[in-house]
Amino acid sequence: MLYLKVISKAFQRSATYRLEYFTGILNAGLYLLILTAVWQAIPGEEFKDTQRNKESLILYAVLATLIKVSFGRQDGLVSSKIKNGNIVFDLLKPIRFPIVVLADTIGVSLYHLFSRSLPLVVLAFLFLDLKFVPDTISFFSFLLVYVLAFLIFFLIGFMISSLSFFFTEIFSFFLLYFALITLFSGAVIPLDLFPEFLRSVSSWLPFPYLYYYPTQVLTSQKFGMSFPELILRYFLMIGILTSAASAIYLSGLKRLELAGG
Amino acid sequence: MFSSAKTYLKLAISSVQSHMEYRASFWIYLVTLLIYYSAQAMTIFILLSRFQSIGGWSRGEIAFLYSLLIFAQGIVASVFSGMVEFGSLVRDGGYDRYLLRPLSPIGQVLMNHFDITGLLHLILGVITFLVATQFTNIEWTFLKICTLLIVVIGSAMILAGIRIAIASIAFYAIQNYSLVQLFVFSSREFMMYPMNIYNWSIRVLLTFLLPLGFVNFYPAHYFLGKSSESLFHPAFIYLNFPVGCFLFIGSLILWKKGQKRYESTGT
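Chains as they are written, first to last, in this note's numbering: chain A, 1 to 261; chain B, 1001 to 1267.
What the hints contain is simulated information worked out from the structure, not anything from laboratory work.
Possibly wrong hints are sitting among the right ones.
Said to hold, decoys possible - Sample of chain B residues at the chain A side, in silico, Cβ under 8 Å: (1) S1014; (2) S1025; (3) I1028; (4) Y1029; (5) I1035; (6) Y1036; (7) F1051; (8) Q1052; (9) E1189; (10) L1206; (11) L1224; (12) S1227; (13) S1230; (14) P1234; (15) C1245.
A virtual CB, placed ideally from N, CA and C, is assigned to each residue, including glycine.
Take the sequences, apply the hints, and build the full model.
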């Protein structure tokens, strides 16, 4: 019940930054504009040895961007608390701090989902003349995968933020995360267009699970394995990330206690 | 004047030294930057390995176009990174400290944020450029090399001018980071691909309002010998440097105007 309050508070807090809202929409819009222009500019015959055409790539770009936009980044929340010492107050409360951060991230992401993704989907269908309607099974499969993707998103962010216990500046790690996500998540180019080697590498990283697989599921496209296998992989990835994030966070706490003594 | 240059140099050196204090963070950042640029270039590489051309531009030509952007960006990143953080400087009241000193405030902002890792941007920019030129058939005559130097400086001035102009908004609006994100970082994505793939309204925007087209798209026509018939005007391939001067000087004027109305936040 208390965690629902945190979600609600985070939702409201996000709504107060109007300039952030408009530039967020504009950013995503620009991004979509670039991607659709690139796909449109490639001669049609060059798609013949892929399983794609212009329409499917544009649809992919739209959906992947919508998913990306809906995840609310929380880069500064945890790390600033650790740096200025305020985390002590959170640790004194009778609630689990990581769950509070998760609830906060959910709140921010729900706000992004309603205030950014929804307007963008309307704009995209109006201006890009999309004719996509997901079938029922794919849509509900997508919802499951989307939630799992969000958990992976949160875990990676929390893990990096927890590095604040060890380093004075963690901007580098977020930049690294951003770079890897740009390349391997399929946010820009779907993984099936990757050279074989890079496709193999990326399937073992957490990043494709953020945008590529959810988009493939939603559009009923192939993604190289059966759906049950995909779900199994999601849970495996979540398990690994939970272990890693917990290890960093808990050892960070130990270090914190020593410093505070 | 010479003594001022000496002081600026000292500010830059002390800035570098303060960054070097955190050795682990320093090296992590270097590695991260390397991976960041590699990932960006890799994205272009993947696209080009799959498709022969985009908007009538061949693989080599697009690689060259991209490398011009990265080259100019490297220069700007190594010197003007202080502009990105300027909004928080105003908000925190730190700018007051600069105003008390007998030196140009804008000079202090730049030098106090001078970072040795910024030079890595420049090095990577040069490397990207040298690699990309291998994929083109450009014959590097003396004239073309001289033109290249002028173009890169012109491009750097355009990018720097935009950064200064956006930073100046911090004098008027308390929070300018969203605009920094939008105009300094996001809009740059437009220039990773040939501009003719965009519709007319975007091309107008990127030529006359936010003239990023002069950073790499228009100059590339000169070096690659591409037809300029489809451009707004054929002379645009030569306007890189004048536009750079105009934008850079204009942004400095904007800065001075903003500074006149500056009020401390009282923190």
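Hint numbers not upheld by this structure, sorted from lowest to highest: The structure conflicts with hints 1, 10, 11, 12, 13, 14, 15, although it agrees with all the remaining ones.
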